[in-house]
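Trainee: Take a look at the letters that make up each chain.
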Amino acid sequence: MSKVVGIDLGTTNSLVAYVKNGVPVVIRDGSGDALVPSVVSLDEDGTIIVGREAQRRLLSAPSRAVYSVKRFMGQGVEDVTAYADQLPFGIVGDPGGVLRISVAGREFTPPEISAFVLRELKRRAEEHFREQGEFDFEVDRAVITVPAYFNDAQRTATRDAGRLAGLEVLRIINEPTAASLAYGMASRDRGTIAVYDFGGGTFDVSILKVEDGVFQVLSTNGDTRLGGDDIDALLTAEVRREIGGAALDDSNDQLIQAVRKAAIQAKWDLSDEEETELRLEPMPGAPAGHLRRMTRADFERMILPLVERTLEPCRQALADAELGPGDIEEVVLVGGSTRIPLVRRLVHELFGRPPHSELNPDEVVALGAAVQADILVSGRREMLLLDVTPLSLGIETMGGVMSKIILRNSTIPASGREMFTSYADNQTAVDVHVLQGERELVSDCRSLARFRLRGIPPMPAGMPRIEVQFQIDANGILSVSAKELRTSVEQTIEVKPSYGLTDEEVERMLIESFEHAETDIEARLLIEARNEAETVIHATEKSIRRPDFDRVAAEALEPGEPERIAQALSEATHALEGSDRGRILQTTEALNKATRHLAEVVMNRSVREALAGKNVRDV
Amino acid sequence: MTPDPIPVRSVSMLECRNCGAGAPFDEHFCQQCSRILALGRHGDYFSFMGLPRRLGVDLRELERRFRDLSRQFHPDFFYNAPPAERLASLERSSYLNDAYRTLKNPSARIEHLLALEGLPPATSDEGGVKVPPALLEEVFALNEELDEIRELRVSGGDAGALRARLDAARAPIERKRDEHERRIKELGDRWDDEAGVGTGERPATLAALREQLLEQRYIDNLLATIDRESAGLGAP
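Protein chains in written order, with the working numbering: chain C, 1 to 619; chain V, 1001 to 1236.
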């Protein structure tokens, strides 16, 4: 049986988890790292690189990398102009349609970039299952999480990304709800919970009632454009202003990325320390090393307005659940940004109780997604998640006013009906504009889709009774069907998503990705070979540069051995400059062999040195 | 002459699309093959949730039924089922969510009962603009007061004093609302008690209930207007 997984497709990092013997676990790489940075980098030859390596390249080749793509899912260019300024990649496309990301001379839609990240997670999981000795290690189905406050277009884009990555998306679930599932595994079986989820790019709050294993969301609220990213951007802009000169040039991607990295490091440091130093790697146009000292108080003063923006959604969610802060029995923190002490303090103050953070805030969402995936395929019924739709759904009516059909915070699945008629004799088609949002005016709401009801039987104006049914499924995704009630004629509906891809477009991208699959595998193998080569070369160089190397060589190595090692090292280094995988593997293996004796000698000497002057009892 | 026997199928029957067996309208699963039944055109939230058609609802019981039925219908548990059953699960879950949301809320519950009993909704457009006669006096007084407050606000009157006046204007309206709440509760109890007694009083009780609900909605709008005025004065 092929495998199912739960995936947290995050703005900054992504993770994959699965349920092993009834317990959810995240899948880690060889070095124990569970986080796959959601960064995609394009190599000179078009090779796609994802994760840590791509993150490294963000510094060395910033113009070839894409990060925080989640913020662009289901968006139009007009939505992101303000945010796009500091980014090393370009945003193109016509207003009112799907935007595209322009990087290294190519263009991708956000779901395509996300699909690269998902493929990497799929690969990581498959490797894990293969190592576990599973016979069928293929991962072809997944539950993917999204921010609770994601609208229909953003959810659909996420589902498209899954399809493009070769995954059947079993379910899209909300991140705070997933987190509550993971917490619910171990904790109390009833109560009222608030989940405060402050991630890399989005903020969500959900209020849940848990009883008899049913996790019922009462209300949700949030901001899909507020996250740790904004804190980083604020800090980066501030530091750039302080440096001045070359740092103010928006096209100086390399410097901006170096400043951004330093700013992020400072942010992390200040979660544990009261004070830190901002340091910059040496580069032209900027002072190297020490930039400035920053205290936690400085930091908190800067970010306070951003963090305060999370409080109003919390109050609104409480009001929608018809609860006061005192009714909340548990507060759960999710997302990397909840490590910031100021965030914890404000949440504590708002709800009047210390928040929970027993589970790793980076991993808890993926764990919950794995639990939900397991529920879906196993049919276990002891737990059930009942989520809500975050935004009201409606249609455009006369005068550009939005008429609501399904209200926000309705438990999903949810359906609603609306009657339409014709306004001219023998009219056979009616146009419908579907919207999502809370505002009165159409122009203030999100346009989801436009469609045309066709095939209405010719009748005098006002006679047809066309019933349109809007169905929001358990993923929070809308589908529409229509019927003329007098004649029972089913209407054909062509839905044109405003900010989404059509099925045909997804199909086409899927075919293209299959065509690239061959080269992608090649590319991956090449990267692995390179990584291996770099490790061996690095270790060899370290040994040779030991201050006592000459003495070691004279005492312990055979005549001609140092020369053989130098020769092998130079050949391997040379091979690494090209992209001939066979040659890289061969020279790396040769270097490995040539240095085996040296490695033993060095190891023995270190052990002797460590033991020198100690007696057996101390060892 | 006796008429030909016409095969009668009660309209309150569902047909199992799996085994073809008939099922009572309020069943969720086929009694013969135990598959989930397509929803059909239901329309009665009370009977769907297995509750009597009464306005007095035990909220804990309602919630328990909602959870129980969710556990039976939810699409999570039909992931591997044939398409027809997946659709039935989606329809029943959506309908259940609607039913629970409606019955949980007292005025939505009355509204649903009005529809079931064939009365027009208490949100009717004719009543929307016209002031209910029973509220004429209050509405007249309030409008005068609001006009004055607006004028004073424009000419820079003290916000604190204006707020106090708004609060004073709110008091009689809130008393009226409490009165309606009590009255609605009484009428609801009476409607429940009249069940089975066979009196001809029930339609009158329901009509009175509708009247009260209409007025209560009007009062809620008045209170919302006062809130907006109050917000216009800025934070205290």
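These are computed hints drawn from the structure, not numbers from a lab.
Worth double-checking, as some hints may not be accurate.
Cross-link-like lysine-lysine pairs, in silico, DSSO-like; alpha carbons within 30 angstroms at most [said to hold, decoys possible]: (1) C:K20 / C:K209; (2) C:K209 / V:K1104; (3) C:K483 / C:K209; (4) C:K20 / C:K3; (5) C:K404 / V:K1104; (6) C:K209 / V:K1185; (7) C:K542 / C:K483; (8) C:K261 / C:K542; (9) V:K1176 / V:K1104.
Computed beta-carbon distance windows for the label pairs [as the list claims (entries may be wrong)]: (10) V:R1054 / C:A84: 34 to 44 angstroms; (11) C:R315 / V:D1158: 21 to 31 angstroms; (12) C:K20 / V:N1080: 20 to 30 angstroms; (13) V:D1227 / C:E78: 29 to 39 angstroms.
For every residue, glycine included, the Cβ atom is placed at its ideal position computed from N, Cα and C.
Trainee: Is 34 to 44 angstroms a correct range for the gap between the Cβ atoms of R1054 of chain V and A84 of chain C?
Mentor: Given range 34 to 44 angstroms: violated, Cβ gap about 58 angstroms.
Trainee: Check the following: the C-beta atoms of D1227 of chain V and E78 of chain C are separated by a distance inside 29 to 39 angstroms.
Mentor: holds, 34 angstroms
Trainee: Given the hint that K261 of chain C pairs with K542 of chain C, does the C-alpha gap stay at or below 30 angstroms?
Mentor: holds, 27 angstroms
Trainee: Would the hint linking K20 of chain C and K209 of chain C be met if the CA-CA limit is 30 angstroms?
Mentor: Holds: K20 of chain C and K209 of chain C sit about 27 angstroms apart, inside 30 angstroms.
Trainee: Taking only the CA atoms, is the gap from K404 of chain C to K1104 of chain V under or equal to 30 angstroms?
Mentor: holds, 20 angstroms
Trainee: Could one say that the CB atoms of R315 of chain C and D1158 of chain V fall in the range 21 to 31 angstroms?
Mentor: Cβ of R315 of chain C to Cβ of D1158 of chain V: about 29 angstroms, so the range 21 to 31 angstroms holds.
Trainee: Does K209 of chain C sit within 30 angstroms of K483 of chain C, going by the straight-line distance between their CA atoms?
Mentor: Answer violated: K483 of chain C to K209 of chain C is near 37 angstroms, above 30 angstroms.
Trainee: Does the beta carbon distance between K20 of chain C and N1080 of chain V stay inside 20 to 30 angstroms, or does it fall outside?
Mentor: About 21 angstroms separates the Cβ atoms of K20 of chain C and N1080 of chain V, which means 20 to 30 angstroms holds.
Trainee: Can you confirm whether the C-alpha distance between K209 of chain C and K1104 of chain V stays at or below 30 angstroms?
Mentor: holds, 15 angstroms
Trainee: Taken at face value, is the distance from the CA of K1104 of chain V to the CA of K1176 of chain V at most 30 angstroms?
Mentor: Judged against 30 angstroms, a Cα distance of about 24 angstroms means the pair holds.
Trainee: Given the hinted pair K542 of chain C and K483 of chain C, is their alpha-carbon gap at most 30 angstroms?
Mentor: violated, 75 angstroms
Trainee: Starting from K20 of chain C, check that the Cα of K3 of chain C is at most 30 angstroms away, please.
Mentor: It holds: about 11 angstroms lies between the C-alpha atoms, which stays within 30 angstroms.
This entry does not satisfy hints 3, 7 and 10, going by the numbered hints stated previously.
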